[in-house]
Each structure stands twice: as structure tokens, then as C-alpha cells.
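One-letter residues, chain by chain:
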Amino acid sequence: MPGAFNRIGYFCSMVPVEIIMAAGFRPVWVKGRANMTAAADAYLYPNICPYIKSLFTDALEDGGTALDGLVFISQCDGMRRLHDVWKAYIPSKFIYMLQAPKNVDRLAVEYFATQLRDFALQMEKVSGSEITGPALKQAIKSANRTRGEMRDLYSLQTSSPLPVSGSELFDYGLQILFGEDNEAADRISSIRKKASKSVKHDKGKSKTRIMISGNVMDRPDLFQMIEDAGAEVPVADFYTASRYFERTVDEHESDPFMALAAAYLGAPRCSRTAAPDEIYARISDNVKRYAIEGVLLTSLKFCDQQLYDIPGLLKRLNADGTPVLFVENDYVFGDRDRVKTRVEAFVETLES
Amino acid sequence: MLKKYYTEMKNGLETAYQQKPRASIRMNILLASIFLDAFKDDAKVIWTSYYSFPMELLAAFDVAPFDFEIAANLLPMFNADGAVEIMNRAEEDGYSTDICSYHRLAAACSMLGYMPKADLLLSSTYFCDGKSKVNRTLADHYGKEAISLDIPNKISKESVDYVAGQLRRIAGKIEEVTGQRFDLDRLRECIRVSNRARRAYGQLADLQKVSPYPYIGVPVVNMSIFGNMLAGREIQEQIYLEMVDESRKKNHGREISTGGVPCFVAGVVPRPADQYKPDI
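So the protein sequences, as listed, match chains A and B. Under our numbering, the first sequence has 277 at position 277, and the numbering climbs by one with no breaks. Under our numbering, the second sequence has 1170 at position 170, and the numbering climbs by one with no breaks.
Examples of chain B residues toward chain A, derived with CB under 10 Å:
hint, residue
1, His-1103
2, Ser-1148
3, Asp-1150
4, Ser-1159
5, Tyr-1162
6, Arg-1169
Worth flagging that the hints you see were computed from the coordinates, not collected in a lab. All C-beta atoms, glycine included, are put in the ideal place defined by N, C-alpha and C.
Start from the sequences, fold in the hints, and give me the full structure.
Okay, here's the thing in C-alpha cells:
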């Protein structure tokens, strides 16, 4: 049986945390702590995602003992390779590779549901107890409530000046990802109530409003750069930020696995399954909703999923007149000064 | 530009074949011919991936299958400097230098209008993330539909059912795009023909165990990559068998290698379909 603090790590927002919670574990988004990833270069190609290399460098240093188990998902080629080297070189109590379809139609949802059932069976083996229907439904309800509270908190960010700074809000979201629990919704609810009192309704212009959009981001660097340059970040479109909290699982669907499969393959989607049109539409909606004046697009280096979409996104944003800056990042921001200069110049351009 | 190069390639190869009739040259003539078919005005052109999409399904229709990756990436063979300039164009358009150079070249050739029109773009997730991504990007460019055949990493009853369901839908989409009726019996025959060709390729691989090898790696690998464009057509087996005959002649008097360090290049000829046994 898992203890109160037994933690199962995951690396992608397509892993249904509800199944981990229903098995009695705490799902934990795994952040790469390593700032230098040279050690991983001995095991992984240098031109592989720097987030993945950072994760593996950590694993080599701590021997993979920080967590009680890991759930990989077939989100990208890089993550599959990470699974392979992790399995080969890092002793682990439990490793599972969840198969996620790359299509999003009915066939894909049905297939994903079969994979989620298998995942639940494996989690049952690890926990030593059955994942009951009521336990899974309770986990779905709990995660929905937490995401709903975060959505409500994000909705306050349409006001100006911001009731919560972009970096603070990003951090609240990360705290949930770093250890979802039953109290998360209450914590966010309390933050939201406090923040709502500071919402001003005159909506006077305060700071330049920039939205950040990208794939993986679990470090505050870009937020700090923008805020240090005198601008603010009402919304961040990452799967570690607003995008994660937009998901709601249908609590009334008779088959909870189908409900989870539909929700986790559904919108909002990242470049893995979404076409540039869909991503552009989401960015565009956020630009209008949050009165955004400029968009900072960012992508991890070597991310095939996102980098192919960048030309199409730039073309669309340029066509509709939205100022946009694209910055590739190496996850650890080893070129911080270079990126900072570009961000400052972008903010200055918007202010002028 | 590509049409001009493939015409020159075909003419040159036909001359070479007259002087030295070899199966590998015949295969390359067919490659150039199939690429040129895609430039014909009345052709129903399906962009695809010869080595990661089940070509038997396309062989069951009368379509011109066009592998944009292979087509674009033979370009440096004709004009290396020009290929660099074309890739620069992709980078100017926002394609990162971090992404596959094959795909940057294919994307830029599309933007420059060097490729034939596409009626439908089919790809698969079988090889890499980039393949289905660039397929979708180019479909966006042409305003056509892109379909990615999603191949799970695990073989199970569920994954086989999932892939089969997608293939049925893709067959329906090809019917819609081409106006041709899908004939299940024709597909069955294409699969039988394709399985025979794979067995012939297996013979060729066995003959490569002799030292010195009858063929250097390039034609053998080309046979497996380019050869799949013919999967489901009788001519694929014929060419492989011609190559088997050529190998036997070269191997006469040689012995199976027991020394040296053979280098294995991962081929892309999968097992015959009837040898897959899902873990049910």
C-alpha cells in the first residue's frame, strides 16, 4: 500500500493524474533540476531535447531514488528515448510507458481508453489495491475542482493592473503540478478570494501586457525577464500553465476511462496533436481576452513537435498584426543574457 | 526544378541500363518514373512515405504515390549548392536549424513550387515526430488534408484494431479524393504480392552474408527504402529476384563470412504481414 507521501513522477500533461491519485499516490510533475546537462550527453544524443537531458542528468546524480515510480508517455521521440535509457541505466521501483495516440478522433479516444485501463491495472499492482470506480470518480472530481479554481484565478487576470503577477500565478500552478493533493483546490480558492479583492474595475492602462506561449516551461526565467523589463504576463500558454488547467473531465460519463481519454486527447492541445490553425486560434482568443499587446513564442531547442509549427504561427500572427517575438530556449537558460536583451528590446518596441 | 532533374535522371539511367542492365538501375529508373508521374496534370497524387506507410493500400488504387522526403532529398545529388540555398529559404521562413534538414529541404521546395500538387497527404508516426509534423505543415501550405497513420509502439490486439480502423478510414478518404472504388480483393492481392517480394528481399539479405558481399550497402539499402514504393506491385518482386540472381552469380565460389566486422544498417522492409502475431 502506498504511504501518504508516495510519489509517482510524470513528465507530460497527457498523463491522467486522476489514475495515480485513485491508486493512492501523489502525482508529481518532474522538473529538471540540473543546470548542466553534459553528463546526459554520454547517453543521449546532443541534439535531443534539453529538458530530457536535464531530467536524465538528475537521474544519474541521484540514482533515480527521488520518486517511487515514473510514468512515461509516448509524447515524443525524445521521451521514448529517455524511457529507454532510464530503464537501462537507472534502477527504478516502477516504470510504465503509457501509449498515447497522436490522433484525436473517436478511434484514438477509444484506443487511449484501453491504454488507460492497462495503466490503471499496473498502478493497482504497485499499490496493492484495486482502483475502484468510486475512487477514480472522486479523483476526477478533485482534479476538476483544482483545475476549475485555477481557471477562476486566471480569469481575474483579464483586469489591469494584474491582481496576481504572472510569475506568482505561474508558481501557484507549478506547485499543483509538483504534487497534486486534495487540499490544492482549497489553497487556490483562498488565493483567488484574496486576489479578487484587489481587482480594479476602472481597467486603466498600467503595464505592457505580454503573453508567453510554448511547450514545456517549469522555470520562471522568462516571466522574470518580462517583469524586470517593466511589462507583465497576464497569461502563459504552456502545458505547465494555463493550458493544463483548461481541461475538464466529464464526471457524468459512465466509463471514467473514456472520459479521461476524451479529456486528455481533447483541447487545449499542444503541437503534438494540434495543427497551427488550432494553436493560433487559442493564442488569438487569449490575446483578445487578456488584452495582450505582444506574444512571446518560445520553444525548447530540438522540439520537433513545436518547431515545425513556428513558421505557420509567425505567419498568422504577423498577418493579423500581433507583435510577436520567437525565442528558442535551452531549458536551463544558459544564454540568459542574450535572451534577456531580446526580451527587453521587444518590450521597448511595444512600449514605443 | 525537380521535374527537370528527374527527367535528366531517368534519361541518364536508361542509357546506363542499356549498357549495363542491372536490377538496381532498373529500380532507380522506376523511382524517377514514379516521381515524374506525379507531375502529370491528370494524376491523382498522394504524398506519402514509401518506407513508413503501408504502400499496399495505395497500390490497390490507381494513384501516383509521391514521397516528398525522398524526392526533395535527392536534390543535393543533382545540385548541392542549390540545395543549400533552398534550405536557407526554409530558415528565412522560420524553420529552425534544429529540425531535420530533410524536412527543411522538402518544405522549401514546396514553398518554391518545385513539388507536384498534392491531392491528399498521408504519413505515419512510424519513424519520427518530424515526418507527420512536416506532412501537416505542407498540407496547410497546399490547403489539402493531411492524415497521419498513428502506429502505437506496442503490438497488442487493441493497437492492431486501432491501426486497422485508421486504414479503413484512409481507404475511404482515398476513394473520396480519387473517385475510385476501393476493392478489398485487389488489396488482398497487393498484400500477397508484397509478401512474396519481402521473401525475395530476405533471400537477397541472406546472400549478403557471403564475404566479400555481392553488393555494397548502398544499393541494398536503396532497394529497401525506394523498393517500398513498389510494394503491392508485381514488379517489386521481379526486381528483387533479378538482384538475387545477380548476387548468386557474384557469390559463385564464395563462402559465408565468418570473419570481419559486418556493419548492419537498419533496413525498412518489415516482416511479411502474415508473420505478425499480436500479443492477444
